[in-house]
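S.K.: Chains as they are written, first to last, in the working numbering: chain G, 1 to 128; chain V, 1001 to 1358.
Think of the hints as simulated: they come from the structure by calculation, not from any bench.
Any given hint might turn out to be false.
[Stated by the list, open to error] Keeping only pairs whose Cα atoms sit at most 27 angstroms apart, straight-line, the calculated DSS-like set for lysine-lysine is:
no.: 1; chain 1: G; residue 1: 124; chain 2: V; residue 2: 1002
no.: 2; chain 1: V; residue 1: 1038; chain 2: G; residue 2: 74
no.: 3; chain 1: G; residue 1: 114; chain 2: V; residue 2: 1074
no.: 4; chain 1: V; residue 1: 1291; chain 2: V; residue 2: 1319
no.: 5; chain 1: V; residue 1: 1319; chain 2: V; residue 2: 1259
no.: 6; chain 1: G; residue 1: 120; chain 2: G; residue 2: 74
no.: 7; chain 1: G; residue 1: 120; chain 2: G; residue 2: 98
[As the list claims (entries may be wrong)] Simulated coverage check for chain G against chain V, where a stretch passes if three residues somewhere in it have a Cβ under 8 angstroms from a Cβ of chain V:
no.: 8; region: 44-54
no.: 9; region: 72-82
no.: 10; region: 96-107
no.: 11; region: 115-121
Everything numeric in this text was worked out from a predicted model, so none of it was measured.
Virtual Cβ for every residue (Gly too), placed ideally from N, Cα, C.
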Amino acid sequence: MLVAKPGLDGHDRGAKVIARALRDAGMEVIYTGLRQTPEQIVSAAIQEDVDVVALSILSGAHNHLFPRVVELLKERGADDVLVFGGGVIPEEDIPFLKSKGIAEIFGPGTPTSKTIEFIKANIKRPLH
Amino acid sequence: MKELVRRCIEGDVRAAARLITLLENQDRDAYAALYRLKDHSGRAQIIGITGPPGAGKSTLVDKLITQFRARGLKVGVLAVDPSSPFSGGAILGDRLRMQGHATDPAVFIRSLATRGSLGGISKATHAAIRVLDAAGYDIVLVETVGVGQSEIDIVRVTDIVVLVSVPGLGDDIQVIKAGIMEIGDIFVVNKADRDGADRVVRELRAMLEMQAQLSHGQTPLGGPDTLVARDPDFMHHAGLVSGLSHAGGEESFIPPILKTVAETGAGVPELADTLIHHFERLLQTGELERKRRESIHYQLSQFVFDEIAHLLSLPELSKVWDDLAQQVFSRTLDIYSAGMALFHSIPIQGATHEDPHA
């Protein structure tokens, strides 16, 4: 799976924590690094042929960037990828994001086990 | 599958990526489909980049991509990172340093986890190289971690191996002594703006000159390197070098040693030039053909071993296993005879996958 940081915030401790937890749960995690555009994220997702894209954002630009990622994935024929997000995202934005194809939003402090359970339950492509 | 392969040959990124995934998952139909790629491969230059962690390989690869792109070449990259032996998972972090190229349609970057393979690359790496070759990439860079004598599989799947080292890794002799040095065609001292860079270059040069002399039966001269010459490990490995030697024929030359500062890009254009010239040289001297034949031998043997392992694990054999194990346990049979009996009961049969000629 891909752990990506769209937008301009420079804090990736959360992203790294989830990446490590996912690794410990047996997953292969590609971390894109900071300050990624939706185009960079989707390009990576396609080349890496990932099952899941996890978007981490703290800058508040999620309402624009998250749906854009989903849109680009669809455009490039990768709509079987599970997309979810985390970081600093107000509760009131969650319905909008879900309507745009983001499967779930996990706020700060969510136990990593919950995220892992969610992935296993919702992955769209057959598990290897 | 046919459709996937066709799209891959046409350069469809998603198809190539999907095919690589299937190969990583040991999908037998995908492996059989590699047959269709054979008329479209052999063109790409395959370059391996290896060295200890922290040497700056990913940053170097990032800058090399820029150089090759500037020369109008399409570049594929396979970045291999180790899988956790405990969880089976992996953090694949090389791509991070190359994301600047993510939206260039002429660049394809794929991360691969070793998934239990111990030689530094994954089982599917050579197949993934074939895929990128067939998809039309001119250069395929394979990046992997190599610190010791066992991570040398990279030499078997590439045309040129670049060994990247850095100053300040404690004991420079340690880095140089490890068997991995014998597989380098080109040596790069990265982070060359740091103290000790020139010393590493000198030590590398001395080591390589000694290797070259030894493989021609000459005794190395004394001097600051004499200490190393007396090291029995080194002498032993040096004796084996002629077999793995990158210097074709009787010519005695030492591999190029370059200094780079990958972060700034300093020295990287020269590295790109050196790589291109080296490849041309390999082509002209026939050395490339020799290497590729060796590589094919290796891949064939890997394939056969994997196939036997697969057949041995088939359910129809489990009773045979149990019977033979019982006989050895109750001392009616010795283990060697049991082993041979097991071997002879391997069911070699016709194609069990999609007929590639169909």
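S.K.: Are the hints correct? Go through all of them and say.
M.R.: Right, here's what the structure says about each hint:
1. G:124 x V:1002: 24 angstroms, holds
2. V:1038 x G:74: Between residue 1038 (chain V) and residue 74 (chain G) the Cα gap is close to 32 angstroms, so the pair fails against 27 angstroms, i.e. violated.
3. G:114 x V:1074: The hint is violated at about 42 angstroms.
4. V:1291 x V:1319: 43 angstroms, violated
5. V:1319 x V:1259: 60 angstroms, violated
6. G:120 x G:74: The given pair, whose Cα atoms are some 22 angstroms apart, holds under the 27 angstroms limit.
7. G:120 x G:98: 19 angstroms, holds
8. 44-54: Holds, because 5 residues of the region 44-54 of chain G bring their Cβ atoms closer than 8 angstroms to Cβ atoms of chain V.
9. 72-82: holds (count 3)
10. 96-107: Violated - the region 96-107 of chain G has 0 residues with a Cβ nearer than 8 angstroms to chain V, which falls short of three.
11. 115-121: violated (count 0)
The earlier numbered hints that this structure contradicts are 2, 3, 4, 5, 10, 11.
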